[in-house]
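Visitor: Put together the whole structure using the sequences plus the hints.
The residues making up each chain are set out below.
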Amino acid sequence: MIGGLFIYNHKGEVLISRVYRDDIGRNAVDAFRVNVIHARQQVRSPVTNIARTSFFHIKRSNIWLAAVTKQNVNAAMVFEFLHKMTDVMAAYFGKVTEENIKNNFVLIYEILDEILDFGYPQNTDTGILKTFITQQGVKSQSKEETSQITSQVTGQIGWRREGIKYRRNELFLDVLESVNLLMSPQGQVLSAHVAGRIVMKSYLSGMPECKFGINDKVLMESKGGKSGQDDTRGGGYVKNTSGLYSKPSSSTKTSIAIDDCQFHQCVKLSKFETEHSISFIPPDGEFELMRYRTTKDISLPFRTIPLVREVGRQKMEVKVVVKSNFKPSLLAQKVEVRIPTPLNTSGVQVICMKGKAKYKASENAIVWKIKRMGGMKECQLSAEIELLNTNDKRKWTRPPISMNFEVPFAPSGFKVRYLKVFEPKLNYSDHDVIKWVRYIGRSGLYETRC
Amino acid sequence: MPTVKGDGMRGLAVFISDIRNCKSKEAEIKRINKELANIRSKFKGDKTLDGYQKKKYVCKLLFIFLLGHDIDFGHMEAVNLLSSNRYTEKQIGYLFISVLIGANNDLMKLVIQAIRNDLAGRNPIHITLALQCVANIGSREMAEGLSVDIPKLLVSGDTIDSVKQSAALTLLRLLRSSPDSIPMGEWMSRIIHLLNDQHMGVVTAAASLIENLVKKNPEEYKGCVSLAVSRLSRIVTSSYTDLQDYTYYFVPAPWLSVKLLRLLQNYPPPEDPAVKTRLSECLETILNKAQEPPKSKKVQHSNAKNAVLFEAINLIIHMDSDPNLLVRACNQLGQFLQHRETNLRYLALESMCLLATSEFSHEAVKKHQETVITALKTERDVSVRQRAVDLLYAMCDRTNAEEIVGEMLEYLESADYSIREEMVLKVAILAEKYAVDYTWYVDVILNLIRIAGDYVSEEVWYRVIQIVINRDDVQGYAAKTVFEALQAPACHENMVKVGGYILGEFGNLIAGDPRSGSAVQFQLLHSKYHLCSPATRGLLLSAYIKFINLFPEIKHIIQDVLRSDNNMRNADVELQQRSIEYLQLSSITTADVLATVLEEMPPFPERESSILAKLKKKKPSSVPEGSEQKETTASKIPAVQMSNNVDIAPPTSINLMSQADELVSFSEAPPPSVFTFDSGPAPSAGGQSITLQGFDVGESSTDDFVDQGSPQGGSASVDLLGLGSPTQPTAPSVGSGGLLDMFDTLTSHSSAPATNGIDLGGLSGGAEEAFRKFICKNNGVLFENDLLQIGVKSEYREDLGRLWVFYGNKTTFQLNAFLVDVSTPGNLSESLSIQQKPVGGEVEAGAQVKQQFNMACVQEFAEAPVMTIQFLYSGAQQKISLKLPVVLNKYITPAEMDANTFFTRWKALNSPSQECQQIIKATSPIDHEQVKAKLIGFSVSVLEKVDPNAENFVSAGILYTRNQQVGILLRLEPNKQAQMYRLTVRASRDKVAKILCDLMQTQL
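Protein sequences, first through last, are from chains C and W. With our numbering, letter number 223 in the first sequence gets 223, and the count goes up by one each step, no holes. With our numbering, letter number 757 in the second sequence gets 757, and the count goes up by one each step, no holes.
Don't read these hints as lab results, they were simulated from the structure. A few of these clues could be false.
[What the hints assert, rightly or not] Capping the alpha-carbon separation at 27 Å, the derived lysine-lysine pairs in DSS-like fashion look like this: (1) C/Lys356 / W/Lys30; (2) C/Lys102 / W/Lys25; (3) C/Lys354 / C/Lys315; (4) W/Lys616 / W/Lys377; (5) W/Lys907 / W/Lys932; (6) W/Lys34 / C/Lys358; (7) C/Lys358 / W/Lys30; (8) W/Lys25 / C/Lys11; (9) C/Lys95 / W/Lys23; (10) C/Lys319 / W/Lys30; (11) C/Lys59 / W/Lys23; (12) C/Lys319 / C/Lys354.
[Unchecked claim] To list a few chain W residues with every Cβ distance to chain C over 12 Å, as calculated: (13) Gly51; (14) Gly138; (15) Asn549; (16) Asn952; (17) Lys991.
Every residue, glycine too, gets a C-beta built ideally from N, C-alpha and C.
Guide: Below you can see the structure in the form of structure tokens.
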């Protein structure tokens, strides 16, 4: 169990310190500062063991969050909690910065009191927390409200309160994927995987029950017997969504193989296991419905072809070709190629046809930015790098060329097949709900060796 | 950073402030990367950087390096800066080089050239900068490159003083880092005259340099003694106003004085009477000055004054010749003993400790005994108290021993835990050394155990038992005292051990008194039994069985105790075994047998007090070796006797032998009981019998026989036997040799595999005998004594041979200065070329060191090389000379041939010089297989069906030497009736047959 939680600024000064258990002494704060933040060599491991005390830390920009314990806790749980904690803080006061933390000092302690109890993580759902931790200060609630909160927090559906009403029932689905790739100079894929998240924003009245359909191979096959029924029922839905915001479900790639996935607590796992259907009562507002990972049949949006030639000891020539590999109608954004340069670079001349390229000495790399790039296009950059003779005999290790981008489709091939809403008690049906679906593919670690 | 106004580097200042303002490490790295790229482009691009810019960028690089980043360029620019004529540029250049350019950099040659140019120049500032750089780097290459220039600067007439000063210190640095690369030249003789230099700074610097040189080669610089004395006297007699800059808080040149006094400590007292008087005067003046009232209240004044004074006292102690001075020094130190400055008290006690060892001042030191004792009791600082204990130990002699021991005992109760163990050892040693009355000694030790039982090490109580057993007159008193001591409701386990042992041996001496009757004694001991550790319980069980012998009337009580489940079925195997065996012993044997088995222990052999060894081990410096020796010879205490075999083993029973026959008789005439020897878990029969007989001291003895079985048994088992052999004649019973032998063989058999899995046929005797064994063998133990075991392993191919020698240290101490030398007698060196791999200087306790020899046979030889092994064992030089088992027949390769070829060749070798025939008397019964094995070991083939008589042997082989190959034919005809052999060897080269014949003869 978490014994204490500290927040430091980049200098190692303590901003927030909350100790939950007696086994954590005051010197733990200093121990972490001395051994991790001010360590001579950068500490890479997120878990540090100092004098039989474990420190779990994450870093958000210049802020260090450290959870400390003397016990043998589930490290994944602690990190999940720390991330949730930052999410909660971000939901309350925006970006987690030193300034913001100092300004919301009281609020953070209040949150900490609520989400950790004697070191055991409690409800970290922002929506719920906001009902009783308000930024305007604690307002005294009526007896009814208090009992309502109690029953809700302790009840079966702790993530949604009753009696929500909207004039317009609306929901938004965002499929966010990040593509990771490592490619050899010859264009052979060494490793590739997609980590995806489905974020849902729901503005629905009452206690609606939702059913969610995706093109996962396992789910589709198990539904084989009932598929006809599904199709007819889903047909209307598809028309509804497709007419508005997503392209019609193509028949080329019907299903994908999801390696593993995890759901928000509102999803009924028993139903998922027995009936292979995803059904849930959504929390109000924004939440992450699902996370998944795929490794097969990934359509890579870009391909980088590097060509490095060392001309003597004083000069080097680099040529990089970037090819976009998706439908011409789509448009990639924020494309950025980063080409590392040797440590003894003394001068760089760059020529590129499209976008802007610049040698950034402070990062030891040429950064090439292209604002927009259509599908099935090709761009080229060539650079001449001048080198300085050094007495260091080590050869340059040629770090990989990395890329950043954003594309409006899911590189894994993930599709939302349907999302149906049932609210038997209120007088709106599935057809009255306005549904929006959006696909965004981003680069994770997208690298090509050169 | 040199921020000279107007010359400040703005770019650098901006860069540094940028870095300081960085919010995070990442930002800092980005800024540095940017700056590095900038500098790279500057160094790369236009070559026309002016000195200022170069300096600035080099400075930035230096700063980046100091932040912890790698710098891999800019070295060339820094070296270029050296050729600049501006001070700041040169300075930055040198700074960069001394920080960044390592000793093995390619640029070092350039740097050294630049330094040489500067040294040769006329600008003293440039010379000083260069010297500074040399002193900072101080690499071997520099020492070699500049070994001429720097001494030249030092002794040349036209160098200015500050440069001379730097040169002296630089030279000192080079001498320290690479002493052998500075050639000794004529400057060496002139260097001591620097002590006469006008400039005090030069003298101070030179004094350090000269001391370093003197340490290496005192004879060469003998002249410096008189110079140093005259310089010293000039300083000492001068008033503090004379030396101006070199007067420190009214003390004239304290550093120089201290250095000169230290320099003089490298030499014996001067022989020249004039110099000697002058030096005495100096020292007296220093002592006088200490009496003068201080000229200043500042602490620096007294510090400087005392520094000189203490160094002077050190010199007085070192010379140890002038009683007057020694006594004065002692009195002076006596004053410091009550000084309120803790450091002074510490130093005074430390110096007094040294003074106490000098015969002149020993008495003077004793005057301060009271003060020291008070210091011990009232001092706040533990390190000072420690010194006080040391001093008390050093000043103790027969006259004041009783008082000092008493005081120390009294103090022990409140002493710090950290020094208790040492104090206990010291008290034990003093009590033993100066004991006139042994009852006093026994009292002291028992008190010691009572007061500080936890800190009484095994050695201390072993020792008291040894002494009590060896001295009849105290045995009764000891028994009475331990009996009384044991009556205390809570007593320390060590007390129980001593009590158990002494009552077990001498309980009968006090049994006459009804208050301490046999049953009372037993009840008293047994009341402690359940509180003790298994080791002590084992000892108590042995005491009980001794009681059965001493007091037959309580036999049944003891048997009941032994029979109880608590003992007979104890989880501890040792206890269980003891109970069972003792019970059987007491119930089966007759009283006579019992009396013999459980006889009183014979006296221990006299040897060095094991406590002293322990103290030495714990604190090598704290025992003044010389005085110890003196005292030892003077004292008439029999217990202290130096011996090579320092033995820390417990007083294991020597009774062993006396019980041997009993043992044998047990097993030969098996009684109708379940009494067996093989029931225990002890690793060997030998070990087990020890368990039974030994009235030994529990745990430690258990270790002993476990060790005996284990491969690295080394020290412990050897101890056990080493202890046995010298006392064999004193053992009361006859016929014990057999058992002893059995032990010997056991050890050697069990320890032999430890070396390299060689079989060891019988015991290793003299070197010659061992050597002979190796004629037909390649591996084995060549030599073995109490300290060292030498094993040999070898292999040969044609004319090449490889030999590994394993040196195993059997002691528990390190063997120092281990040196192996191989010499070749006569003209052997022409016949046998030997390459020897070096062996390290030390052999750790219990460790084994391997050495390889490569030996090529050039031509035939008859002698064997002689190996001399020298080492220091506990300070004593040991020397072992052995013949290396390299003999001619090793270079023979067996050859196969049929009868026809053999006889044709045999007949061909018919000249008398080619044949050698001998008739040999067989030393052992003739056995066909054995002889065959020997021949194969001799590395010749054994040819079957060549000789018509199957009993005869026919062999052939080829001897490979570097020069030629020699065919060997051999016939061996045994005569079983006469127990004789006829050996005939024919070889294609003269002399070879004779040599081989001689070698073979030794084997039959």
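Visitor: If a hint holds in the structure, say so; if it does not, say that too.
Guide: Okay, the hints, checked on the actual structure:
Our distance criterion of 27 Å between C-alpha atoms is met by C/Lys356 and W/Lys30, whose separation comes to about 21 Å. Among the hinted pairs, C/Lys102 with W/Lys25 is consistent with the structure: their alpha-carbon atoms are about 22 Å apart, no more than 27 Å. Restraint check: the Cα-Cα separation between C/Lys354 and C/Lys315 comes to about 25 Å, which is no more than 27 Å; the hinted pair holds. The suggested pairing of W/Lys616 with W/Lys377 holds, with an alpha-carbon distance near 25 Å, which does not exceed 27 Å.
Simply put, W/Lys907 and W/Lys932 have alpha-carbon atoms about 24 Å apart, close enough for the 27 Å limit, and the pair holds. A C-alpha spacing of about 13 Å is found between W/Lys34 and C/Lys358, which places the hinted pair at or below 27 Å, so the restraint holds. For the proposed pair C/Lys358 and W/Lys30, the alpha carbon gap of about 15 Å is at most 27 Å, so the pair holds. Straight-line distance between C-alpha atoms of W/Lys25 and C/Lys11 comes to about 10 Å, which keeps the hinted pair within the 27 Å bound.
A distance of roughly 18 Å separates the Cα atoms of C/Lys95 and W/Lys23; the hinted pair therefore holds under the 27 Å criterion. Restraint check for C/Lys319 and W/Lys30: satisfied, since their Cα atoms lie roughly 25 Å apart, inside the 27 Å limit. About 15 Å separates the Cα atoms of C/Lys59 and W/Lys23, which keeps this hinted pair within 27 Å; it holds. Distance restraint check for C/Lys319 and C/Lys354: the Cα-Cα separation of roughly 14 Å lies within the 27 Å cut-off, and the hinted pair is therefore satisfied.
Look at W/Gly51: its CB is around 20 Å from the nearest CB on chain C, clear of 12 Å, so calling it non-interface holds up. Listed as a non-interface residue, W/Gly138 keeps its Cβ farther than 12 Å from every Cβ of chain C; the least gap is roughly 21 Å. Its beta-carbon lying about 56 Å from the closest one in chain C, W/Asn549 satisfies the requirement of being farther than 12 Å from that chain. Every CB of chain C lies more than 12 Å from the CB of W/Asn952, the least distance being 73 Å, so the non-interface label holds.
Chain C leaves W/Lys991 outside its interface by the beta-carbon criterion, the shortest separation being 61 Å against a cut-off of 12 Å.
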